[in-house]
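Visitor: Take a look at the letters that make up each chain.
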Amino acid sequence: MSDARSQILATIRRSLNGGEPKTDQRIEELRSRLRHTSPKVQPHLDDDPLSRFCIKHAAVHGTYERLAFEQIEEGVQRHLRSVGVDPQFCLGGGPLLDQVKWSDEVFPYRRSADKDTRVAVSEAFAGVSETGTLVMRSAPSVPPSHNFLPDDHIVLLQKERILRWQEDVWTLLRAENVFPPRAVNFVTGPSKTGDIEQTIQYGAHGPRRLHVLIIES
Amino acid sequence: MNAPVNSQRVAFKARVRTALGDLNLQRAMAKARGGFVDKRREAREALPEFDAIRDAARDIKDHVLANLDSYLELYEQKVRENGGHVHWARDADEACRIIADICKKAGARTVTKGKSMVSEEMYLNPVLEAAGMKVVETDLGEYIVQLAGETPSHIIAPAVHKTREQITELFHEHHSPLGYTDRVTQREALVNEARSVLRDRFVSADVGITGANFLIAETGSNVIVTNEGNGDLTSSLPKVHIVTAGIEKVIPSLEDLSVLLRVLARSATGQEFSAYTSIYSGPRRSEDLEGPEEYHVVLLDNGRSTMLGGVYQPMLRCIRCGACLNHCPVYSAIGGHAYGWIYPGPMGSVLTPLLNGFDDSVDLPNACTLNGRCKEVCPVRIPLSDMLLEHRLEQHQRKLTSPVGRRILSAWAWLAKRPRLYQGVMAIPLWLAHRWGHKAGVLRRLPGLSGWTDSRDFPVPPRRSFMRQWQDKERT
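Order-wise, the sequence lines are chains A and B.
The opening residue of the first sequence carries number 1 in this note's numbering; numbering runs sequentially from there.
The opening residue of the second sequence carries number 1 in this note's numbering; numbering runs sequentially from there.
Accuracy of the hints is not assured; some may be wrong.
[What the hints assert, rightly or not] Quick list of in silico lysine to any residue cross-link-like pairs, SDA-like style, CA-CA up to 25 angstroms: (1) 104(B) / 93(B); (2) 115(A) / 177(B); (3) 40(A) / 59(B); (4) 115(A) / 59(B); (5) 115(A) / 66(B); (6) 439(B) / 464(B); (7) 39(B) / 115(A); (8) 31(B) / 40(A); (9) 22(A) / 369(B); (10) 31(B) / 22(A); (11) 115(A) / 109(B); (12) 115(A) / 93(B); (13) 399(B) / 369(B); (14) 22(A) / 195(B); (15) 40(A) / 42(B); (16) 22(A) / 63(B); (17) 39(B) / 198(A); (18) 115(A) / 195(B).
[Stated by the list, open to error] Computed, partial: chain A to chain B, Cβ under 10 angstroms: (19) 37; (20) 102; (21) 106; (22) 163; (23) 194.
Because the hints were derived from the structure by calculation, they are not lab data.
The model shown is predicted, which means the values in this text are computed figures rather than measured ones.
Here a beta-carbon is modelled for each residue, glycine too, at the ideal position from N, C-alpha and C.
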C-alpha cells in the first residue's frame with residue numbers, strides 16, 4: 001500500500017518538476033491558503049433572503065408555510081392531513097424542535113428512519129437563499145436517514161438562519177464545536193430522476209415531497 | 001502495434017454502423033437531443049457571472065494540479081484525523097484488489113453502489129461478483145444499464161440510450177421473480193417499482209461504494225452530487241462506506257467547492273443546484289445513531305500522474321459534467337457505446353487514448369468534426385478540440401494512421417507549399433465539381449467518396465476559387 005503511495009507521489013513530482021518534493025515553505029503556503037480561505041466569484045444577489053429562498057424553493061417543487069413558533073404542530077398536522085397520512089413521524093432535533101411541546105394528537109418517535117418510514121420532521125442547520133437550499137448538519141439527533149428515506153420530509157427553518165450565499169454556510173459550520181461533522185447534506189427540493197426519457201420524475205429514492213416550515217418569531 | 005490498431009479501426013467503424021442502424025438507439029437519442037443543451041443555455045443566461053465563475057473554476061483546478069502531491073498529502077492527513085482510511089492504487093487491478101479485500105473483511109454479501117465512473121474504469125463489479133458478492137447499482141440509470149448487462153452510455157445519464165419500452169421489458173423480466181408481475185409502462189410507475197425494489201437492497205447492504213465529485217483537502221471530505229438521493233443512502237446505511245476517486249479530484253477548500261458547484265449542475269443538467277449535494281467526512285461519531293463504522297477512500301492513479309506537466313494536463317481539470325457529450329454532434333448521432341470504452345464523447349476521445357494508449361482507440365480523435373462546441377461549453381475551459389488535434393498529430397508522427405491517408409496528406413502538404421502550382425491544380429476539380437453540380441445545387445455523389453456522400457450532400461463550390469475571385473476584384 002505505502003509502495004503504491006510513494007510511487008504515485010513520485011510520479012506526480014517527476015511530471016510536475018523533475019521529481020523534487022515541495023519545500024516546507026511551499027507546503028506552509030498551501031496550508032495557509034486553506035486556513036485563510038475566502039469566497040471567490042459569487043453571483044450578485046441583493047434581494048431579500050427570505051423571499052428569494054421561498055421563490056427558489058418553490059421553483060424546485062418544494063412547498064412551504066410561514067409560521068410562528070407556537071404554530072409548528074399545527075403546520076405539521078396541516079401538511080400531513082393534506083397528503084392523507086397519520087400524524088406519526090420520526091423526529092429530529094435542533095434548537096427549535098427540541099422546545100416544541102407536542103400534543104397527544106401526534107406521535108413523534110426519536111430514531112433513525114427505516115425503509116417503511118412515512119414521515120420525518122427535522123430542523124435545518126441553515127437555508128441558502130441563492131438556490132433555495134436547506135442545509136442539514138448531521139448530529140446524534142439529526143440522522144441523515146431522515147433526509148433520504150421518508151416519503152414526506154417536513155423541515156423547520158428559522159428565518160434568521162436563511163443565508164444569502166452558499167459560502168455563508170461554511171463560516172457557520174466552522175464556528176461549530178464539531179467541524180467537520182460526519183455529514184452535511186444540502187437539500188434542494190424533493191428527490192427526482194431524469195433517467196427515463198430524460199423527463200423529470202419526483203420521488204426517485206428520497207422524499208416525494210419536501211415541506212418547509214419557516215419560523216418567523 | 002499494427003494488428004490491434006487495424007482490428008480496432010474495423011471494430012470502431014462496425015460499432016458506428018451498428019449504432020446508426022439501431023432504431024431504438026436512434027429513437028432514444030432523438031428524444032434526448034437538445035434537452036440538455038437548451039437547459040444549460042437557460043441556466044447560463046440566468047447567471048451573468050457564469051463565465052467569470054468558469055475562469056475561477058479553471059484557476060482552482062490548475063492550482064491544485066500544480067501542487068497535486070501536496071494537496072493529496074494534506075487531504076490524506078485530514079481523512080485520518082476524521083477516523084477514515086486512505087488507500088492508493090496505481091492501476092485498476094490494484095484498486096479492485098483493495099476494495100475486494102475491504103468487502104471480504106466486512107463479510108459483505110450485498111454491496112450497493114452509487115454512481116461512480118471511476119469504478120467503471122476499474123471494472124469493479126465483475127471482481128466483486130467473482131468473489132461471491134451481490135453488487136447492486138442504485139442510480140436509476142446505472143440500475144437499468146446493469147439489468148441490461150451493459151455499461152453506461154453517458155457519464156451523467158447512463159441509460160440515455162434506452163427507450164421507455166425497453167425499460168419496461170427489462171423491469172418485467174427482472175422484477176417478476178420478486179413478485180412485481182404487472183408489466184408497467186408509465187414513467188411514474190417504472191420509477192416507483194425501481195424505488196420499491198431498491199429500498200430492500202439499500203437496507204440490507206453490508207458495504208456501500210460511491211464515487212466523489214470532489215475531495216476536500218481542508219476537511220478530508222468527499223462530496224457527492226445527485227438528484228435521486230441514492231448516493232446518500234449508499235453512504236449512510238451500510239456499516240462500511242468506500243469512496244472511489246481519481247487522484248485529480250482533490251480541491252483545496254469549501255470556498256473552492258462553491259465555485260465548482262456553481263458551474264457543475266448548470267453545465268450538466270441546466271439546474272442551478274442538484275437536489276442533493278452532500279459532504280461526508282469519515283465514519284460515524286461516537287454518539288451518532290447511524291452512519292458507517294468504517295470509511296475508506298481508494299485513490300486511483302491509472303495513468304493520471306503521467307498526464308501532469310504535459311500538453312494534456314488540462315484534461316485533469318475535467319469535473320465529469322457531460323456538457324461536451326451533450327453538445328457533440330458525433331456523440332448525439334452514435335451514442336456512447338460506439339466509443340468502445342466508458343468515457344465517451346469529446347472528453348472520452350481525449351482521455352481514453354491517454355489512459356489506455358492508442359491500441360484500442362486510434363479512431364476516437366478522428367471521429368470529430370472539430371466544430372469546437374465542446375471547448376466552448378466546458379465549465380473548466382478544457383481545450384478539448386485542440387487536444388484532439390494534438391492526438392491526430394501524434395498518430396501521424398507515430399505512423400498510426402493509414403499509409404494511404406499519410407501519402408495523400410504528404411502530397412497535399414507538398415502542393416500547398418507551392419501556391420501557384422496549388423491554385424492551378426485545384427482549379428481542375430473545382431471546375432469539374434461546379435459543372436457537375438451547379439444545376440442541382442448540391443453534389444449527391446463524388447467519385448471515390450461514397451462513404452462521405454452516402455449520408456450527406458456536398459455543397460457545390462463556385463466556379464472560380466476565392467483567390468481567383470480576389471485577384472479579379474483587385475484588377476478591376
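Visitor: For each hint, tell me whether it holds in the structure or not.
Guide: Evaluated hints:
Using a Cα cut-off of 25 angstroms, the hinted pair residue 104(B) and residue 93(B) holds, with the two alpha carbons roughly 16 angstroms apart. A hinted pair counts as satisfied when its Cα atoms are at most 25 angstroms apart, and residue 115(A) with residue 177(B) qualifies at roughly 21 angstroms. For a cut-off of 25 angstroms, the pair hint linking residue 40(A) to residue 59(B) stands: about 11 angstroms separates their Cα positions. At roughly 43 angstroms between alpha-carbon atoms, residue 115(A) and residue 59(B) are farther apart than 25 angstroms, so this suggested pair is violated.
Restraint check for residue 115(A) and residue 66(B): not satisfied, since their Cα atoms lie roughly 45 angstroms apart, outside the 25 angstroms limit. The hinted pair formed by residue 439(B) and residue 464(B) meets the criterion: a straight-line CA distance of about 16 angstroms does not exceed 25 angstroms. Taking the CA atoms of residue 39(B) and residue 115(A), the gap is near 34 angstroms; set against the 25 angstroms cutoff, the hint is violated. For the hint pairing residue 31(B) with residue 40(A), the CA-to-CA distance comes to about 38 angstroms; that exceeds 25 angstroms, so the pair is violated.
Distance check on the hinted pair: residue 22(A) and residue 369(B) sit about 42 angstroms apart at the alpha-carbon level, beyond 25 angstroms; violated. With a C-alpha separation of about 51 angstroms, the suggested pair residue 31(B) and residue 22(A) falls outside the 25 angstroms cut-off, and the hint is violated. A hinted pair counts as satisfied when its Cα atoms are at most 25 angstroms apart, and residue 115(A) with residue 109(B) qualifies at roughly 19 angstroms. Using a Cα cut-off of 25 angstroms, the hinted pair residue 115(A) and residue 93(B) is violated, with the two alpha carbons roughly 35 angstroms apart.
Distance restraint check for residue 399(B) and residue 369(B): the Cα-Cα separation of roughly 21 angstroms lies within the 25 angstroms cut-off, and the hinted pair is therefore satisfied. Between the alpha carbons of residue 22(A) and residue 195(B) the distance comes to roughly 49 angstroms, so the proposed pair goes past 25 angstroms and is violated. The straight-line distance between the Cα atoms of residue 40(A) and residue 42(B) is roughly 23 angstroms, inside the 25 angstroms bound, and the hint therefore holds. A distance of roughly 14 angstroms separates the Cα atoms of residue 22(A) and residue 63(B); the hinted pair therefore holds under the 25 angstroms criterion.
Among the hinted pairs, residue 39(B) with residue 198(A) is consistent with the structure: their alpha-carbon atoms are about 12 angstroms apart, no more than 25 angstroms. Restraint check: the Cα-Cα separation between residue 115(A) and residue 195(B) comes to about 11 angstroms, which is no more than 25 angstroms; the hinted pair holds. Evaluation of the residue 37(A) hint against chain B yields a held restraint, the C-beta minimum of about 4 angstroms falling below 10 angstroms. Proximity of residue 102(A) to chain B is violated relative to the hint, the smallest CB-CB distance being about 20 angstroms (cut-off 10 angstroms).
Residue-level restraint check for residue 106(A) is violated (minimum Cβ-Cβ distance to chain B is 21 angstroms; threshold 10 angstroms). The beta carbon of residue 163(A) is not positioned within 10 angstroms of any beta carbon in chain B (closest approach about 12 angstroms), and the interface hint is therefore violated. Contact between residue 194(A) and chain B, as hinted, is supported at the beta carbon level, the nearest pair being about 7 angstroms apart and thus within 10 angstroms.
Consistency with the previously given hints fails for numbers 4, 5, 7, 8, 9, 10, 12, 14, 20, 21 and 22, ordered from lowest to highest.
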